Amino acid sequence: MTTLPIEHPIDELSDDPRERAPLILDHDDFASVTADILRCNEAKKPPKAWYVAFVLSFSMLSMLGVLIGYLIFTGVGVWGNNNPAMWGFPIVNFVFWVGIGHAGTLISAILFLFRQKWRTSINRFAEAMTIFAVICAGLFPGIHIGRVWLAYWLFPIPNQMDMWPQFRSPLLWDVFAVGTYFTVSLLFWYVGMIPDLATMRDRATNKIKAIAYGFFALGWRGSMRHWHRYERAYLLLAALATPLVLSVHSVVSFDFAVSQLPGWHTTIFPPYFVAGAIFSGFAMVLSLAIPARELWGLKDFITMRHLENMCKIVLLTGSMVGYAYAMEFFIAWYSGEVYESFAFINRAFGQYAWAYWIMVSCNVICPQLFWFKAIRRNVWVMFIITLFVNLGMWFERFVITVTSLANDFLPSSWGWFEPTWVDVLTFVGSFGLFMTLFLLFIRFLPILAIAEIKGVMPAADPHAHHDHDEEGQP
Amino acid sequence: MSAPTPEPIAMSQSDHASNQVASEPVTDLWGLAAQFTTPAAIYDAASKVRSAGYRWFDCHVPFPVHGLDKAMGVQYTILPVIVFFGGMTGTMLAIFLQVFTNSLELNLWAIVPVVGYQFEVSGKPLISAPAFVPVMFELTVLLSALTTVGGMLFLNKLPCLYHPILKSRKMKRITDDRFVLVIEAADPQFSRSKTEAFLESLDPERIVELEA
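Chains R and Y supply the protein sequences, listed in that same order.
For the first sequence, numbering that gives the first Met the number 0 gives the first residue as 0, with consecutive numbering after it.
For the second sequence, numbering that gives the first Met the number 0 gives the first residue as 0, with consecutive numbering after it.
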């Protein structure tokens, strides 16, 4: 591994628009990029912290398995869900996890279409995060249906009962939206990884690795004729994923907005949910990137500049979410609708007021600290803020789901939702699933998009060190 | 371009820092590969190979070098057109699926009843077009994405189980930091000695004979 010294100091945090900040630091040649990104994958053993994290995550995952078994054998009564709060933790967790996924697609697709080259350092693991988050999300509706063995009723499969799903129900739209989202994210992630898997195949030190990576690399050999179609395909996938990511959380919000409940039946939900999803997703990307770059020695690739950019997006989307909260209140008052007004006053001052104010302080107040440059450049403060944002976004879903269900139209039918220990530990266990998958990913797959990073290096420009006038028109 | 600086090549002992063709000539020649170290070098080489009239050649690079496909004269791919039809298939499928499952009622030849699951919800029509839009959208995107990936792999003839490039141990750095131009023996203009001399004139790091 060689790194060429850079002669003059380059400030990657400079805001001077005349000089473009370098996207990666201290790497002038391609070989060192490959070697440094894959260093931890190719090392015989991962760092100790990886083992600690893996044991912890895997125990949480095992707990999740046990709890799901307990749920299936006993019934949904082990949860706190009741009448009227039929949707308790499972739906809150579902919306939370789907939202987390959105940042990955935003980074990989929307920032790609906008030619934001800084995305190349973070897109791979953000996409991985998307896939794992959607897996966690998909788990909850699956176990929430009660009779898990009938989960296939969600899909339009011909059956002996001559029954079909009801396509005018938003819950079925959700099945299609989340299913499509998962499939497209997986394709996007995998297609992006093919060239890097080929790199790992060619660098493999033993037969098993060579065969395993070779199998998934599909015989990629870097042919420019292939790259030509590959780049087209990647662009098309980005163009397809862009409306998709905006649609998924819109459809999730339809689960609420299409119903008649006060506090749910609002047109602001789709954009508000999408902004919230991106907000929580970026917070999660930061929470993962900060330890990962430290542990995997990727500070030259995920620079302070990258973190700062993500902080700015968290600030932007956090402010949008804050605006949506305010607008909900305004519309509730302006509509003159008594139930709607009550729903919002009840949220802020009713029996779940504590949850509401946790949500507001974490989502609206906390990210405003990112206005300060010093905070955007302090990884510790950043990390803590992103954890608070994740907490706040979980509470947002809790507030929306539970307050409206527990206190709807008739006071005689009001209720009170309280989670049981199974609820809480199942949610904790879903983090075990998420983290286990993520830890396996950073150990065995290329954590950064190596080929894409090489493509944005100054050395990648075919006209960089060349005078065409000498040689004539190429 | 400055004189080529031979760099130590990690992969092969026998071929260490050599600018020459390996001593034992390959009997079953598939093509000649010229290896370069910079994107600029392969860009120039590709344009020259193309102007020299070669057609059966390819560049193997670790990342898509900007403009190299144009310099090579690669024809623009038909993939977007295929994807369009894939997407339209998805839309049609979604319309058919929803209309069929939620509203259909017909008797084929008055014998075979084909009935969907008709379910009245708040007096809404069985075919509620607005309610069908989300699934139409999702299936359009789903089938487009599947067509994109399937089409890309199909047009690229991937997965590829065997290829002379993959066979050669000397070509391992293509996916790392080397840029390789290959002229296939199948090219009508190909002649072992002339093509080799021509490639030598392009100032490569080294030239490798590839076995079929």
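Everything labelled a hint here was simulated from the structure, so no lab data went into it.
Quick caveat, the model's predicted, so the values are computed rather than measured.
All C-beta atoms, glycine included, are put in the ideal place defined by N, C-alpha and C.
Treat the hints with care, as some may be off.
Claimed, not checked - In the DSS-like style, the derived pairs of lysine-lysine whose C-alpha atoms are separated by at most 30 Å in a straight line are: (1) Lys208(R) to Lys123(Y); (2) Lys44(R) to Lys311(R); (3) Lys69(Y) to Lys208(R); (4) Lys372(R) to Lys206(R).
Stated by the list, open to error - Some, not all, of what chain Y presents toward chain R, calculated at C-beta under 10 Å: (5) Thr26; (6) Leu28; (7) Met87; (8) Thr88; (9) Met91; (10) Ala93; (11) Asn106; (12) Ile110; (13) Asp176; (14) Ala184; (15) Lys193; (16) Phe197; (17) Ser200.
Claimed, not checked - Covered stretches of chain Y, going by a simulated chain R footprint (3 or more residues, C-beta under 8 Å): (18) 51-57; (19) 62-71.
Each hint, compared with the structure:
{"no.": "1", "hint": "Lys208(R) to Lys123(Y)", "result": "violated, 58 Å"}
{"no.": "2", "hint": "Lys44(R) to Lys311(R)", "result": "violated, 36 Å"}
{"no.": "3", "hint": "Lys69(Y) to Lys208(R)", "result": "violated, 35 Å"}
{"no.": "4", "hint": "Lys372(R) to Lys206(R)", "result": "violated, 49 Å"}
{"no.": "5", "hint": "Thr26", "result": "violated, 23 Å"}
{"no.": "6", "hint": "Leu28", "result": "violated, 18 Å"}
{"no.": "7", "hint": "Met87", "result": "violated, 14 Å"}
{"no.": "8", "hint": "Thr88", "result": "violated, 14 Å"}
{"no.": "9", "hint": "Met91", "result": "violated, 15 Å"}
{"no.": "10", "hint": "Ala93", "result": "holds, 8 Å"}
{"no.": "11", "hint": "Asn106", "result": "violated, 15 Å"}
{"no.": "12", "hint": "Ile110", "result": "violated, 17 Å"}
{"no.": "13", "hint": "Asp176", "result": "holds, 4 Å"}
{"no.": "14", "hint": "Ala184", "result": "violated, 17 Å"}
{"no.": "15", "hint": "Lys193", "result": "violated, 22 Å"}
{"no.": "16", "hint": "Phe197", "result": "violated, 16 Å"}
{"no.": "17", "hint": "Ser200", "result": "violated, 13 Å"}
{"no.": "18", "hint": "51-57", "result": "violated (count 1)"}
{"no.": "19", "hint": "62-71", "result": "holds (count 9)"}
Hints 1, 2, 3, 4, 5, 6, 7, 8, 9, 11, 12, 14, 15, 16, 17 and 18 from the list above are not met by this structure, while the remaining hints are.
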